[in-house]
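Going by numbering that gives the first Met the number 0, the sequence shown opens with residue 0, and the numbers climb by one from there.
It cannot be assumed that every hint is accurate.
As the list claims (entries may be wrong) - Cβ-Cβ distance ranges computed for the label pairs, FRET-style:
#1 Val139 - Asn6: 20 to 30 Å
#2 Asn6 - Thr38: 16 to 26 Å
#3 Lys129 - Gln86: 19 to 29 Å
#4 Leu145 - Ser47: 16 to 26 Å
#5 Gly61 - Val138: 35 to 45 Å
#6 Phe126 - Pro50: 39 to 49 Å
#7 Pro136 - Asp58: 22 to 32 Å
#8 Gln86 - Glu15: 20 to 30 Å
#9 Asp144 - Asp58: 16 to 26 Å
#10 Arg135 - Gly61: 19 to 29 Å
It should be emphasised that the hints constitute simulated quantities derived from the structure, not laboratory data. No experiment lies behind these values; they were computed from the predicted model shown. All C-beta atoms, glycine included, are put in the ideal place defined by N, C-alpha and C.
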Amino acid sequence: MSDQPNNARIHRMLPEDYEEAYALWQRTPGMHLHSLNNTYGGITLLISKNPESCFVAVDDEGHVIATALGATDGRKGYLYHVAVDEQWRSQGIGTRLIQRIMDVFKAFGIVKIGILVVADNAAGQEFWKKQGWNTRPDVVYFDHDL
């Protein structure tokens, strides 16, 4: 399963894509990778539980240039690690990755999708607003390390 937008191919993310994906996340401003969930084990677990909705885009040489991971709890979908390498931005690759995940979610009967954007990532927040996503002023997110 692959598309060819602007010389990029999209395919389901595999564990062997992790190293290049992680390197992309490290060089993408606004990505906070401090959680243990971003380890090889954490990401491969996410992929194994959501194999139909985790994608990467690769260039002609097979290098990862974009990622978008989708996961669901059965009633709501979530986007994680949406990133496009700087030199590949504004070509529609991120939009195609997100649309691919949304199509999978729709097929699963999911009707609502959420994404967490780090509070100091103004560029990321602006991107999602321009895409038609809304902030939730009625909730405050909490988490707890186990």
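How the hints compare with the structure:
Judged by the Cβ atoms, the range 20 to 30 Å given for Val139 and Asn6 is violated: they are separated by roughly 42 Å. For the pair Asn6 and Thr38, the beta carbons lie near 31 Å from each other, so the given range of 16 to 26 Å is not met. Checked against the given bound of 19 to 29 Å, the beta carbons of Lys129 and Gln86, roughly 20 Å apart, stay inside it. Taking the beta carbon of each, Leu145 and Ser47 are about 19 Å apart, inside 16 to 26 Å as hinted.
Checking the proposed 35 to 45 Å range against Gly61 and Val138 shows it holds: the Cβ atoms sit about 40 Å from each other. Between Phe126 and Pro50 the beta carbons are some 26 Å apart, a value that contradicts the proposed interval 39 to 49 Å. A hinted range of 22 to 32 Å for the beta carbons of Pro136 and Asp58 is inconsistent with their spacing of about 40 Å. In this structure the supplied range 20 to 30 Å holds for Gln86 paired with Glu15, their Cβ-Cβ distance being about 23 Å.
As the Cβ distance of Asp144 to Asp58 is approximately 36 Å, the hint placing it in 16 to 26 Å is violated. In this structure, Arg135 and Gly61 break the distance hint of 19 to 29 Å, their C-beta atoms being roughly 38 Å apart.
Violated hints for the displayed structure, listed by number in ascending order: 1, 2, 6, 7, 9 and 10.
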